[in-house]
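All chains should be built: construct the whole structure from the sequences, respecting the hints.
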Amino acid sequence: MKTLKYAAILFLLISMQLFAQEYNCITASIQEVAAQSKGRWLPSEGTINVLIVFAEFPDDNYDINNTRWVKGNAPQNMNNWVDQTWSSTPTQGSLTHYFNEMSGNKLRFVGKEVHVVAPHTRDWYKTNYAVGQRRGNIQKEIIQQLDATWDFAEFDNWDYVADYTYNNVPDTYVDMIIFVWRNIAEDRSDPNDLTNLGFYSNYGDLGDIGDINVDNNQRKVATWFGGQNSIPFGSGVTVRNYLTEDPFRNAIHEFAHYLIGGNDYHNGFGFWGMLSAWGIRSYVANAFERYRLGWVADSTTYTVSNSTQTLTGRTLSDFVTGKNAYRLVINTSPQEYFFIENHQKTSYWENNAPFWGTQDGSVENGIYVIRKVGTPNQFNPSSWLQLIPADGRFNWAVNQSSTLPGGTDLLPVFKQGTPNRTSGYHDNMWIPFSHGSLYSPQPIHLTENASGQPQVDIRFQGDGNDAFRIGYNQVFSPWSNPNNQRAANQTTPFGFEITNFSNGVYTFNIYVNTAINASPSKPQNFRFTYSNPDHPSLAWDLNTEPDISSYNIYRSYDNTGWDLAGN
6 MKTLKYAAIL FLLISMQLFA QEYNCITASI QEVAAQSKGR WLPSEGTINV LIVFAEFPDD
66 NYDINNTRWV KGNAPQNMNN WVDQTWSSTP TQGSLTHYFN EMSGNKLRFV GKEVHVVAPH
126 TRDWYKTNYA VGQRRGNIQK EIIQQLDATW DFAEFDNWDY VADYTYNNVP DTYVDMIIFV
186 WRNIAEDRSD PNDLTNLGFY SNYGDLGDIG DINVDNNQRK VATWFGGQNS IPFGSGVTVR
246 NYLTEDPFRN AIHEFAHYLI GGNDYHNGFG FWGMLSAWGI RSYVANAFER YRLGWVADST
306 TYTVSNSTQT LTGRTLSDFV TGKNAYRLVI NTSPQEYFFI ENHQKTSYWE NNAPFWGTQD
366 GSVENGIYVI RKVGTPNQFN PSSWLQLIPA DGRFNWAVNQ SSTLPGGTDL LPVFKQGTPN
426 RTSGYHDNMW IPFSHGSLYS PQPIHLTENA SGQPQVDIRF QGDGNDAFRI GYNQVFSPWS
486 NPNNQRAANQ TTPFGFEITN FSNGVYTFNI YVNTAINASP SKPQNFRFTY SNPDHPSLAW
546 DLNTEPDISS YNIYRSYDNT GWDLAGN
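First residue of the sequence shown? That's 6 in the numbering used here, and the numbers climb one at a time after it.
In case anyone wonders, no lab produced these hints; they're calculated from the structure. Errors might be hidden in some of the hints.
[To be verified] Within a straight-line C-alpha distance of at most 27 Å, the following computed DSS-like cross-link-like pairs (lysine-lysine) qualify:
id, residue 1, residue 2
1, K145, K225
2, K145, K43
3, K420, K328
4, K43, K117
5, K328, K43
6, K328, K111
7, K131, K43
8, K131, K145
9, K131, K76
10, K76, K225
11, K145, K117
12, K76, K117
13, K350, K111
14, K225, K328
15, K328, K350
Here is the structure:
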């Protein structure tokens with residue numbers, strides 16, 4: 006029998022306004038294949054030598070004196086983007102540093118940077134090339150311009166044989182060129198010029214115009230994406246708008262497509278990952294990506310099968326720097342998992358955004374649960390990699406609409422209702438609703454305050470309630486909120502209970518078909534009533550664990566101790 010002790014804590018949540026960005030990076034139709042613990046079209050281990058081209062148009066007149074990148078000059082700190090030689094102590098904030106930490110020094114990412122002005126104006130390119138050929142030919146002209154003085158042999162070190170198979174020898178195809186553009190069309194009067202010039206998005210390709218010959222026809226630059234039958238289709242990526250978008254994050258994202266796969270592997274929004282969609286909180290690779298690329302330190306010890314068992318006293322240190330996360334295997338075909346990550350923000354990459362300034366969101370300290378459901382599909386949100394926030398699932402209503410400060414588009418104003426652990430929605434999801442002509446579903450940007458007025462309340466960038474931790478939410482089980490369900494409200498065998506935290510390390514028990522042995526889950530829908538001001542009443546929804554016998558209620562008058570008030 007179990008007796009549940011309960012205390013209430015009130016807290017203030019402050020949200021900040023932020024902006025969303027969608028990703029559609031891959032123009033190719035990519036057939037998905039079984040995952041392996043390595044890179045798909047480029048290796049996730051070994052040395053990759055890249056060329057980073059910082060490009061601008063000669064007629065670019067957008068914010069020409071911006072110190073981050075003054076028109077006609079190389080961008081500030083351009084030479085800090087990547088180290089030319091690999092070291093275990095690389096330039097802090099460089100791509101070399103990033104991939105050292107994400108891969109545990111397995112992927113040695115090195116290269117060179119160069120600044121180039123395109124040979125022609127944007128109007129010239131619009132006149133001389135068809136819409137679908139412009140981006141590719143703009144970048145082709147720059148590559149040909151560089152070919153007059155550069156030897157591309159140093160960027161050809163891998164022979165693509167097949168997906169997940171490659172040899173560390175040249176194959177006459179350049180491995181990776183990253184184009185980073187200062188500005189595409191922010192200064193243009195035609196609002197469609199971003200699309201007209203072929204830069205509708207950032208891309209995992211160079212423009213899809215076929216191969217570009219370099220080095221006196223000894224080598225080629227492939228301008229599409231992926232590969233097949235020992236022929237690489239892609240040799241690079243395109244990153245637009247250095248001054249108005251986060252170029253470093255976008256460079257990581259587009260390059261990561263060569264390691265992981267096409268658009269289907271975009272994460273759900275509102276957490277972290279190399280293939281993060283919008284609403285990213287930090288740059289770091291998530292546990293799914295690290296397992297897929299062989300970047301976890303100990304995949305054997307930290308992988309838990311779905312066989313009935315109880316694992317007690319398991320520990321987990323910081324995910325980013327410790328390089329381990331638990332992987333709970335729901336199914337092997339299709340591959341379904343829960344991942345458990347401990348974030349203590351001891352990594353540079355959870356506290357900094359080089360070349361941009363600040364992270365867009367926040368990561369609180371604690372244990373995070375990430376769910377992967379089956380075969381990924383970019384058009385099916387239920388298949389996306391998803392953060393399961395610790396504050397749980399709720400019913401939601403929309404009774405009004407409003408705009409964000411400075412905005413013009415009407416957005417739904419969500420009202421949070423009662424907890425609903427099985428068929429409700431958590432605040433990191435696109436939530437369906439019906440109100441007027443607004444499209445549904447949508448993420449939360451606005452909620453009703455206590456008096457029913459709209460307030461900015463952007464949840465998916467972190468609201469301080471998403472991590473499991475001591476004293477807040479310690480149990481994840483079939484009866485908790487959030488519970489351990491997969492899509493379609495089907496429960497899974499897994500659960501855990503946090504039992505201790507010390508010096509950044511969590512200790513917890515993992516349950517597989519044995520979660521009934523955990524402590525009771527956190528009571529839901531806790532509320533006060535004041536029918537008699539001298540005798541306030543407490544109420545909550547009954548727990549659904551079958552072995553709970555009673556509740557003990559404790560009270561404190563001065564925070565010096567707790568007394569039993571009733572049961």
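To see whether the hints hold, each was checked on the structure:
In summary, the hint linking K145 to K225 is supported, as the alpha carbons are separated by about 11 Å, within the 27 Å threshold. Proposed proximity of K145 and K43 is contradicted: the alpha carbons are some 30 Å apart, above 27 Å. As the CA atoms of K420 and K328 are separated by approximately 39 Å, the hinted pair breaks the 27 Å bound. For a cut-off of 27 Å, the pair hint linking K43 to K117 stands: about 25 Å separates their Cα positions.
Under the criterion of a C-alpha separation no larger than 27 Å, the hint pairing K328 with K43 is consistent with the structure, at around 16 Å. The hinted pair formed by K328 and K111 meets the criterion: a straight-line CA distance of about 12 Å does not exceed 27 Å. A distance of roughly 41 Å separates the Cα atoms of K131 and K43; the hinted pair therefore is violated under the 27 Å criterion. A threshold of 27 Å between alpha carbons decides the hint, and for K131 with K145 the separation of about 15 Å falls inside it, so the pair holds.
Distance restraint check for K131 and K76: the Cα-Cα separation of roughly 21 Å lies within the 27 Å cut-off, and the hinted pair is therefore satisfied. With a C-alpha separation of about 31 Å, the suggested pair K76 and K225 falls outside the 27 Å cut-off, and the hint is violated. Of the pairs offered as hints, the one joining K145 and K117 holds, with about 19 Å between alpha carbons and a cut-off of 27 Å not exceeded. Proposed proximity of K76 and K117 is supported: the alpha carbons are some 21 Å apart, at most 27 Å.
For the hint linking K350 to K111, the alpha-carbon distance of about 22 Å falls within 27 Å, and the restraint holds. Between K225 and K328, the direct Cα distance comes to roughly 37 Å. Violation of the 27 Å bound is thereby established for this hinted pair. Between the alpha carbons of K328 and K350 the distance comes to roughly 13 Å, so the proposed pair stays at or under 27 Å and holds.
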